[in-house]
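**Student:** Using the sequences and the hints given, assemble the complete structure.
In case you want the letters, here they are:
2 protein chains.
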Amino acid sequence: MLEQNVHDSGTLAVVDMGINTHQEPVVYMHKDCHICRAEGFNASTRLLLETAERQLIATLNVIENNNLSPGEIGLSNIARDSLKVVTGDPVSVSHAPIIDSLGAVRKKIHGHTLSDEEMLAIMKDVSEHRYRDIEISSFLSVCAGGRLNIDEIIGLTHAMVSCGKRLSWPGNEPIYDKHCIGGVPGNRTTPIVVAIASAAGLTIPKTSSRAITSPAGTADTLETLFNVDFQIDEMQHIVSEVGACLVWGGAVNLSPADDLMVRIERALDLDGEGQLIASVLSKKIAAGSSHVIIDIPVGDTAKVRTSTEADYLAGLFNRVGMACGIDVRCVVTDGSCPVGKGIGPVQEAHDVVAVLKGTTDAPSDLRDRALTLSANLIDLADACGLAQAATKAKEILDSGFAWDQFQRIADAQGGLKELPSAEFESVQQAHEGGVLLAIDNRRLARLAKLAGAPFCKSAGLRLHVSVGSAVNLKDPLFTLFSESSGERDYALDYYSQNMDMFAIE
Amino acid sequence: MLEQNVHDSGTLAVVDMGINTHQEPVVYMHKDCHICRAEGFNASTRLLLETAERQLIATLNVIENNNLSPGEIGLSNIARDSLKVVTGDPVSVSHAPIIDSLGAVRKKIHGHTLSDEEMLAIMKDVSEHRYRDIEISSFLSVCAGGRLNIDEIIGLTHAMVSCGKRLSWPGNEPIYDKHCIGGVPGNRTTPIVVAIASAAGLTIPKTSSRAITSPAGTADTLETLFNVDFQIDEMQHIVSEVGACLVWGGAVNLSPADDLMVRIERALDLDGEGQLIASVLSKKIAAGSSHVIIDIPVGDTAKVRTSTEADYLAGLFNRVGMACGIDVRCVVTDGSCPVGKGIGPVQEAHDVVAVLKGTTDAPSDLRDRALTLSANLIDLADACGLAQAATKAKEILDSGFAWDQFQRIADAQGGLKELPSAEFESVQQAHEGGVLLAIDNRRLARLAKLAGAPFCKSAGLRLHVSVGSAVNLKDPLFTLFSESSGERDYALDYYSQNMDMFAIE
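Going down the list, the protein sequences come from chains X and F.
Counting with the numbering used here, you get residues 21 to 525 for the letters of the first sequence.
Counting with the numbering used here, you get residues 21 to 525 for the letters of the second sequence.
Hints may contain errors.
As the list makes no split between identical chains, a pair holds if one copy fits it or if it spans any two.
Straight line, CA to CA, 30 Å or less: simulated BS3-like cross-link-like pairs of lysine-lysine [claimed, not checked]: (1) LYS51 to LYS437; (2) LYS377 to LYS144; (3) LYS185 to LYS377; (4) LYS104 to LYS51; (5) LYS412 to LYS51; (6) LYS414 to LYS437; (7) LYS185 to LYS104; (8) LYS377 to LYS437; (9) LYS323 to LYS414; (10) LYS414 to LYS51; (11) LYS144 to LYS437; (12) LYS104 to LYS323; (13) LYS412 to LYS127; (14) LYS185 to LYS144.
No lab work stands behind these hints, which were simulated from the structure alone.
**Tutor:** See the structure below:
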C-alpha cells in the first residue's frame, strides 16, 4: 500500500526511452507508480506533462517489469523533443484537460457545418499535439467523402496557415510555385521546371519533401546533387541571389497541423478532396506564393482516376485559391505510367540532369512534362498565351539557359556534387520476348526500396525498356543498383518471385 | 552496410517488453535491425508477426538505444499474449497484408450503406486485431451521428454475434436478462433484480463487467461478496443448480469486436446509437438470452438527456431485437441523480445486501428501481400485467425469498464472504447549512477513485445526505474510506479544492 506523502509528488524523473513512436507522444510509467495508482491512470490514459517552460499531452503505456522504477516517467522521442528534457529532469504529471475543440469534431460527426473559428480551434489543437491519433482519424474520416463544403475547405485552409510559420519575400513578388498531387513514380519535373521558370525571370522559392512511402522524394533526389537543408533566412538569401531555391521543406515548418494529419490520412488511405486542397494550398500560402501551378495526373493507378474527377478537383482548387488570394492554375496530365528511366535518388537525379543538359539519353517523357508545366507557369506570369510560353520554355531548355540557371542555384546552395555510383550493379534480362504491355508501379517501387532506396542514395534501378515497345528474350530489362550484397540479394530474391511485374506478351 | 545473408532472416527473437499498450498490439525493433532496413519498416509501419501456430498484426515502434539488439523484437503485453510467446521464441516478421474490409470502411466514409457481408468482414477483422486504433476510430466515427440505418444496425449486431462465443442453455429456456445503458453512479440494481427474478422462477444467467472509468462495476461489487470468475461450463453448472448466476463476463468472450471498439468509443466520447444498440444486443444474443429488459435512465448528466431521445432509442432497440429474434422491453427511468448511498465496490455491496435483507438503512431509491425492473421482467415472462408483477416482485423481496435466493447463488459460486472494512475512515462535515441542491456526480466519482476504488475494494465513500434534503452546518456529508493514508490524503486534498461538488444553498 501507498504510504509516502503524495501531496507534492505529482513529479517524476524523466527517462529517455529511445523509442520512436512516430508523431504520437507516448509516455511510460511503472504500474506501481504512486501517481498512476492515486490518479487512476491506466494504459491509454491521456496525461498532461509540464516542465517550467513547456506543456505536452501524451498517451500512457504502463510498464509492468523493472525497466522503469515507480518514480520515473519514460518518454518516447517525440515527447522528449517536444518537452525539451533529458534523462533525470523533473516533469509533473496530471490528467490531461478536456480539449474543447473536440466538441467541434463531434459536431462534424453529427453532420453539422464547421465555422472558421471551429476549424481554427481544431487545427491549433492538432498542431500543438493535443489530439491523439484516434481523434485526428475521427476528424479526417468525417471530413472525407465530400463532407466539407467549399466554405469549410476555405476555413480549413486559413486555419492551417494560421498554425505555422509564414514566409514573405519583400521585393521579389510575385512568387511562383508548382505542385504535383502525386501518384506517378519518377515524375521528377520540379528541378527542371524551377530551372526553366527562374531562367525566364520568375521568382520560385521551392520547398520539397522527402520520401515517406516511395523510393525517392524530390528532396532526396536533389540532396544527391547539392545541399538542400537550409533555414528560412538562408533560403531567403539564396532566392535573393538567384531568384529560386530547391530546398527541403522540413526545416521550415510551414503547416505543422497538416504534417500531423497527412500521416494519418496516408495510413487510412483517405482521399478527402477538401483535406487535399487545404493541405496543398495552405503550404503554398504559408510559403508566400501568389501564383501556383497544380499538376493533376490522371490514370488508373494515379491518385485521380478520371478526367471528370480531375476537372471537379481543379474547380475546387481554383475557388479556394481565389478565396485565399492566390492565383491557381491546374494542369491535368497523363498519369497512366511511370515517368523517366531511373527510380531512386541518384538514378532520378541522372534523369533530371540529362534533361537539363539535353543529352541523348534524356527521357523524353520527363522533358515533355517539365516543358508543359513550365509553359503554364510562364503563361501565368506573362499572359502571353500558352503557345508562345511553350516556345519560350523550349528555347530556355534547348539553349542551355535552364542548365546554367540550375548550376547557379546549385552554386548558391553550396555547389554541385558528383553523383555517386552504386557498389553493386546487376542487369536483369527479359525472361521472354514480346511487347511490354505494362509495368506494375507498386512492385517496381518496392523492388527499388528493397535494394536500399531512398536511404542508400545510389540504390534503386534504371529501366532499359518502355511500356509499349518490343522486347526480345534476354534483352536487358533493368539494372538494379545497391550498396550492399545483402540488399542486392534481398531485392533480387523478391524480383525472382515477382518477374511478372513486367507484363510481356 | 548489411552484409549477412538475409534470405532466411525474416526471423527475430522475442523480448517481452512488459509494456501494457492496452488493446493495440505494439512491437519494438532496433533501428539497425536488418529487417527494418531491408523492408523499409519505420515507426508506425504495420507488421505481420507469425509463429508456427499464430499470426498477429501489430504496429512498429522503433528503438534507437541499446535496450534492444538488432536481432530482437520487443512485444507489448497484448502482442505477447495474442501470439502466446515468451522471451527467446522466434517470430517471423513481414509487411502486414492489405486488409480487404477497410475497403468497406472507405465505402461508409463515402456515405454508402454497408451490407451484412461487409459488416461481418469488418467485425471479423476488428475482433482478430487486424485493425489499428485509427482504423477502428475511422469506422466508428462515420457510423456515429445517426449514419447507420436500421438494416445496418441489424447487420452489425449479427456480425458482432458471429465473431464471438455463443452460449446455449438447453432445458432452461427461455433465458432472461437485464441491462442498463449506464450513466448513473450507484445504480447497482443487477444483483437485486437477478435475485428477485430467479426467485420468481426465471432463468437469468447474468454476466457483468468491471469498472473501466467508474469507481465500481457490477463485477467489482459482486466480487467483494463471492467469487465471480468462472468459465462457461462452470457458469452453466451454477445456472442449472440455482436458475441464475452473477459472474464476470470477461472470461466468456461474448463479443470480442465490441470489447475492442468500446475502448475507442469511450476515448472519443462517441455516442453512436447504432453502435450502442448493436453492442448491447449482440452480447445478449451471444449470452443466449431470449427476453431482455433495457434500463434507459434519462437525466441531464445521464447518457440519454430527454425522454424523446429515450423513446426513439427504445424504438430502435425493439426493432433490432425483433429482427434478431429476441424480445426486448425498454424501461425509461429517472437518471437525474445518483442512486444509493455507497460508492466503491464494498460500499455498493453494502447497499445491495441492505435492500435484499430489508434492513432499515437500505436506500429506498435503489430498492424502488430494482423492484420496477424486476416487475417488468416478471411481466415479460408471465404477461400478468405490470401491477400484478410489481406486487409479486415486492412480495418476493419483502418475504426474504430474494435474499434466500441471493444466498443460494452465492453458495453455488463458492459462498458468501464477509465484506472487508477500510483501514482509514474520515467523516467530512458540511461547510455550510442549507438545502443540498445537487451533487456533482463526475467529481464525486473522481473522489472515490482517488481514495482507491475500484482497485482497493473497500475504498470509496458513503453519502449521509440526499439531494433535496436540508443540511445543517457540520452535519456529516459523507465518510471517505481508503486503504492507505496516502490515498486518503490525496483524496481529501482533492476534496478540499472541490467542496462545491456538494451544492448547498
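**Student:** Does each hint hold? Answer for all of them.
**Tutor:** These are the hints, each one checked on the structure:
1. LYS51 to LYS437: between (53 Å within a copy, 28 Å between copies)
2. LYS377 to LYS144: neither (46 Å within a copy, 57 Å between copies)
3. LYS185 to LYS377: neither (36 Å within a copy, 69 Å between copies)
4. LYS104 to LYS51: Classified as both: same-chain Cα gap 25 Å, cross-chain 22 Å, threshold 30 Å.
5. LYS412 to LYS51: For LYS412 and LYS51, neither the intra-copy (69 Å) nor the inter-copy (49 Å) Cα distance is at most 30 Å.
6. LYS414 to LYS437: within (26 Å within a copy, 91 Å between copies)
7. LYS185 to LYS104: Classified as within: same-chain Cα gap 20 Å, cross-chain 49 Å, threshold 30 Å.
8. LYS377 to LYS437: within (16 Å within a copy, 89 Å between copies)
9. LYS323 to LYS414: within (29 Å within a copy, 68 Å between copies)
10. LYS414 to LYS51: Neither: 68 Å inside a copy, 46 Å across copies.
11. LYS144 to LYS437: The answer is neither: 41 Å in one copy and 54 Å across copies each exceed 30 Å.
12. LYS104 to LYS323: neither (38 Å within a copy, 41 Å between copies)
13. LYS412 to LYS127: neither (52 Å within a copy, 46 Å between copies)
14. LYS185 to LYS144: This pair counts as within: shortest intra-copy Cα distance 13 Å, inter-copy 45 Å.
The structure fails to meet hints 2, 3, 5, 10, 11, 12, 13 from the earlier list, while all remaining hints are met.
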